[in-house]
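Please put together the full structure from these sequences, using the hints given.
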Amino acid sequence: MPMVSATDCGRDLQEKVAKLLGASDNVSLDLLIRRGIPLSAIDRVDAYGVNAVELSIISKKTLKHRLDQGKPLTQCEGDKLYRAIMATLFATSIFGNNQKTDTWLLKPRKAFGGQNALQASATTPGYNCVVTLLERLRHGFAA
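Following full-length UniProt numbering, the numbering of the sequence shown begins with 1 at its first residue and continues without gaps.
Simulated from the structure, these hints should not be mistaken for lab results.
Hints should not be assumed to be uniformly reliable.
[As the list claims (entries may be wrong)] Okay, derived cross-link-like pairs now, BS3-like style, lysine-lysine, Cα gap no bigger than 27 Å in a straight line: (1) K71 to K16; (2) K60 to K71; (3) K60 to K107; (4) K61 to K71; (5) K100 to K19; (6) K19 to K110; (7) K64 to K19; (8) K71 to K19; (9) K60 to K16; (10) K100 to K110; (11) K60 to K19.
Structure, rendered in structure tokens:
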């Protein structure tokens, strides 16, 4: 993948994430998350290695209940899913292949309090730490 500026990278990632999460052209990601991301997004992000159940974004039981009821993710669940897929796609844009990306995302790190990057992304401060570390790697600094 060719290197792009941080602004271009961010814009491209946001557009890809919006599509994966089910946003339409006239609905912002913020509004989509507030209204509730459709459950169909869970399968789309799973194709990128983001498993909502394994990451404790939603329990298997709750997911089944929501599917039966036709209800979307809550705002909190949607926000966690957004951060996890953003971290994953950002890492992929840096490492260039799924194996390297998965290795980096799933390795516990001191910088994340012993958690891996996807676990750390469950909170906004943890996600910010993940993005900061990825930015350092993207610019050639040791992590």
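Hint by hint, here is what the structure shows:
1. Of the supplied pair hints, the one linking K71 and K16 holds, its CA atoms being roughly 23 Å apart against a limit of 27 Å.
2. Restraint check for K60 and K71: the C-alpha separation of about 14 Å stays at or below 27 Å, so the hint holds.
3. A hinted pair counts as satisfied when its Cα atoms are at most 27 Å apart, and K60 with K107 qualifies at roughly 24 Å.
4. Between the alpha carbons of K61 and K71 the distance comes to roughly 14 Å, so the proposed pair stays at or under 27 Å and holds.
5. This hinted pair checks out: K100 and K19 have alpha carbons roughly 24 Å apart, not beyond 27 Å.
6. Between the alpha carbons of K19 and K110 the distance comes to roughly 33 Å, so the proposed pair goes past 27 Å and is violated.
7. Between K64 and K19 the CA atoms are separated by roughly 23 Å; this keeps the pair inside 27 Å, and the hint holds.
8. For the hint pairing K71 with K19, the CA-to-CA distance comes to about 19 Å; that is within 27 Å, so the pair holds.
9. At most 27 Å may separate the alpha-carbon atoms for a hinted pair to count; K60 and K16 meet this at roughly 26 Å.
10. About 19 Å separates the Cα atoms of K100 and K110, which keeps this hinted pair within 27 Å; it holds.
11. For the hint linking K60 to K19, the alpha-carbon distance of about 24 Å falls within 27 Å, and the restraint holds.
Hint 6 from the list above is the single one not met by this structure.
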